[in-house]
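Those protein sequence lines, which keep their order, are chains A and B. If you want this note's numbering, it's the 1-based position in the first sequence plus 16. If you want this note's numbering, it's the 1-based position in the second sequence plus 1.
If you are wondering where the hints come from, they were derived from the structure by calculation, not from laboratory data. Bear in mind that the values here come from a model prediction, so they are computed numbers and not experimental data. Possibly wrong hints are sitting among the right ones.
[What the hints assert, rightly or not] Some chain A residues well away from chain B (every beta-carbon gap over 12 Å; in silico): (1) K48; (2) P51; (3) I55; (4) V75; (5) K76; (6) K83; (7) G84; (8) K89; (9) F132.
[Said to hold, decoys possible] Derived DSSO-like pairs (lysine-lysine); straight-line CA-CA distance at most 27 Å: (10) B:K288 x B:K269; (11) A:K67 x B:K116; (12) B:K505 x B:K420; (13) B:K116 x A:K89; (14) B:K51 x A:K67; (15) B:K95 x A:K117; (16) B:K95 x A:K67; (17) A:K48 x A:K153; (18) B:K101 x B:K135; (19) B:K116 x A:K117; (20) B:K347 x B:K317; (21) B:K424 x B:K317; (22) B:K101 x B:K51.
Where is the CB? At the ideal position from N, CA and C, for every residue including glycine.
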Amino acid sequence: MAKFNQTIAILILALVSTSAQAEEPLAVVVNKANPVNEISRSELIDLFMGKYVAFPNDVKAIPVELKGEHDIKVEFYQNLVDMPLSRVNAYWSRLRFTGRKRTAVFKPNEEELIAFIIANEHAIGYVPQSLITEDLKVVYILNE
Amino acid sequence: MNKSGLVIRLAVVIIFTAVIVGLITTQLFYRFTFLNEQALGEQSIKQLYKTVSPTASIASYLGDEELANEVVNGLVSNDIVTAAAIQTDTLLVKSEHYQKSTDTVEFVLFSPFQKDREVGILFVQSNENHLTVKANKISATNAFVVAIEAFIITLVSILVTYYVITRPILNIGKALHSITPGTSERISKPRSHQKSEIGQLADDVNDLLAKAEQQMLREKNLRDEVQVLESRFRMLFENATSAIVLVEPQGDILFYNETFEQLIETLKLPLKKNYGNYLQDLFIMKKDLHDHIRIAFSNNESAAIELELNTYQEEKRWVQVVVTQLITDDFQENYQITLHDISKRKKQISLLDQKANYDGLTNLLNRQAAEHNLKQLVATKAPFALIMMDLNDFKPINDIFGHDSGDELLIHVASQLMKSLRKADVLSRWGGDEFVIVLPNAGKEEVSNVCAKLAAQLSKPHHLSQHNKSVFVTASMGVSFYPDDQVELLELIRLADKAMYQVKRDKSVNKELYLAFSSDISYVKNNSKAP
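Chain A on its own, in the form it takes in the complex (with noise of 0.2 Å):
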C-alpha cells in the first residue's frame, strides 16, 4: 500500500514539476576534503531535520539550503522525508518556539549552493545530478 502511494505521489510530482529536472536524480554532496564518503538516509534526515549538527566522525556539519520554496528543495524533502515543504517548514517553526536554533545555512540558488560547499569543508547539501562537478562529493543518491 505505502509502495503503492508512493507510486501516485510521484506520478502527481512528474505531472505538476519541470519534465527534465522532475527526473532527474538529487545528489548530497560535500565538500571533496570531507573524510565522509558515504552517509546513510537515517544520518542525511538527521542532519537535515536538526537531530545532529555533526557527520558520523564527529566532524561538525553545516547543511545548506535553497532558499524559499525552490523546487529543488521540494523534491528533496519530498524524497527524503516525504512531507510536503509546508510541512517541513511547520517543523521548523514549532522548534523554533523551544529555542532550538537552526544550524543550516541558506543560498538563493544551486550556483552559490555550490560554491559554498566547494569553499567549505564542513557543508552538506543537495543539488541535480547533472550539477555535480569535480569539486563535489556525491556521499547519498536521493530519487535514484
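Assemble the complex: chain A is given as a structure, and chain B must be docked to it using the hints.
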C-alpha cells in the same frame, strides 16, 4: 392501623421489592457505569495520545527536554491522567508522582520522518480514582433517583390501595357492624365502586342481608306460631282440672301440672321426684293398680281404675287413675298418668248407699239392707242365728212423752244393743220398735248369752232430758237357726217372729221371760196340738 392490614402488607411488599430492585439496579448500574467510564477513560487517553503524539514524536526524535516537558505537563493537566513520562535513549522526562506500575499505558513513539523508526516511549497513567469517583457519583445519582422513584411508587400504591380498596372495604365492614341482621337495613354501595369487585361485594352482602331478613322473618313467624300453640297447650295442661303427670318407666316424674301439685299439697304429702312405678306410692291398693295396668297394656289399652289415695287427712280421697303408654319420637317409653278426683262422687254414692241401706234415726241397717245381707248369707250357706226383737211397752212411752222422746229412746236402745255385739254380728232396725240381729256361726248357748247381755243392757234406765224423767224398756226376742231350723229365708224369719210373739204371750205369766227359740216353740206347739 391493623398490623396485617392490606395497606401495611402492601407497603411492606412494595418497599421490600423497591429496596431489592433498587439495590440490584444500583449495583448493576454502578458496574456498567464503571466499565463504561473505564472504557471512556481508555479512549480519552488514546485520544490524548493522538493529540500529543506529533509533538511527543518530535520531542523524542530530537531528544528535546523542553518539548517533552511540554507534552508531559499537557497530559497531566487532564483529570483522567495522574502521571505521564517520555523516555528516549538519552532522555527521561516525567511528571510528578510518576511511578511505573501495571496500569500505566505505554505508547511507542516513532520518528516523525521515518514511520518505522522507534524514537521513544510515552507512559500515561490513567486516573483510576477519578474513574471510581465519577462512576460512584453517577451511581449515587442513579440510586437516589431509584429511591425517589420507589418512594413515590410506594406512596402512590399505598394511597391508591387505601382510598380505592381498603377504605371502601373498611366502610362496608363498619356499615355491616352497625346493621342488625334481620332488619330492612342495607349497606350503601361505595360511589366510586358501582361496577367494581367491591361494589359486587357490597351487592353480595346486601343479598345475604336480604336472605337473612327473609329467613329471620320466617323463623319469627314460625316461632310466634309455636309460641301461641305452646301457650294454648300450656293453658290446657295447666288449667286441666285433673292432675296430669308424665313419668318414666322407673317412676321418675318428667312433668306435672299445677293440679297435681295442688293434689299432693292437699294430701299433705311431700312433693317428690319419684313415687314409685306408676306413682304407686300414692295409692292404698297398689296391687289393684298393677293388675289393671298389666291387663290393659296387654290389650293395648289405657288402664283406668278407681283408687283411694294415701293421705294423712281424715277425709278419704278417691281418684280415677288413667295410665296411658306413650312412645316418644326416640322410641322411649313414658306413661301419662291422669288422676281425676272422684272423692265427691264417691261421697255422694256412699251417702246414697247410707240412705238406701241405713235407718235414718238409729243409723242401723234398715230392713231392706238386712234382708239383702241375709240373702247373701243364705246364698253362701253360712250358718247363723237370727234374733227377732221387739220392745215391750214402747207405745205407751211414745204416747205419754211424744214422738221425739220415743225417737230418743230408740236411738238409746240402738246404741245399747251395739255395745253388746261382736264385730261380725249385724244389727238392723226391722221396723218401728222391731230389731233383727244376725249372729254368724253362733250356737244356742252363745245366743242365750248374747240375749242375756242385750236384755241386761236394755234394763238400764234412760234419762229423758226433755222431761227430766228416767225410763227403761224391756224386749222380747225370738231366735231361729239357719240352716238347722229352716233353709228358706222367709220361713226362717217367720219362725223367729213366731218365737218372739210366743215370748210376748207368755210374759203375762212369767214376767222375767224375754227369750224363746223357735225350735222349742215348735215343740210346744206340737205338744199343744197333740192333745
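Hint check:
no. : hint            : result
1   : K48             : holds (29 Å)
2   : P51             : holds (26 Å)
3   : I55             : holds (15 Å)
4   : V75             : holds (20 Å)
5   : K76             : holds (18 Å)
6   : K83             : holds (22 Å)
7   : G84             : holds (22 Å)
8   : K89             : holds (16 Å)
9   : F132            : holds (25 Å)
10  : B:K288 x B:K269 : holds (23 Å)
11  : A:K67 x B:K116  : holds (16 Å)
12  : B:K505 x B:K420 : holds (24 Å)
13  : B:K116 x A:K89  : holds (22 Å)
14  : B:K51 x A:K67   : holds (23 Å)
15  : B:K95 x A:K117  : holds (25 Å)
16  : B:K95 x A:K67   : holds (22 Å)
17  : A:K48 x A:K153  : holds (5 Å)
18  : B:K101 x B:K135 : holds (24 Å)
19  : B:K116 x A:K117 : holds (25 Å)
20  : B:K347 x B:K317 : holds (9 Å)
21  : B:K424 x B:K317 : holds (22 Å)
22  : B:K101 x B:K51  : holds (21 Å)
Going through the hint list in order, the structure satisfies each hint without exception.
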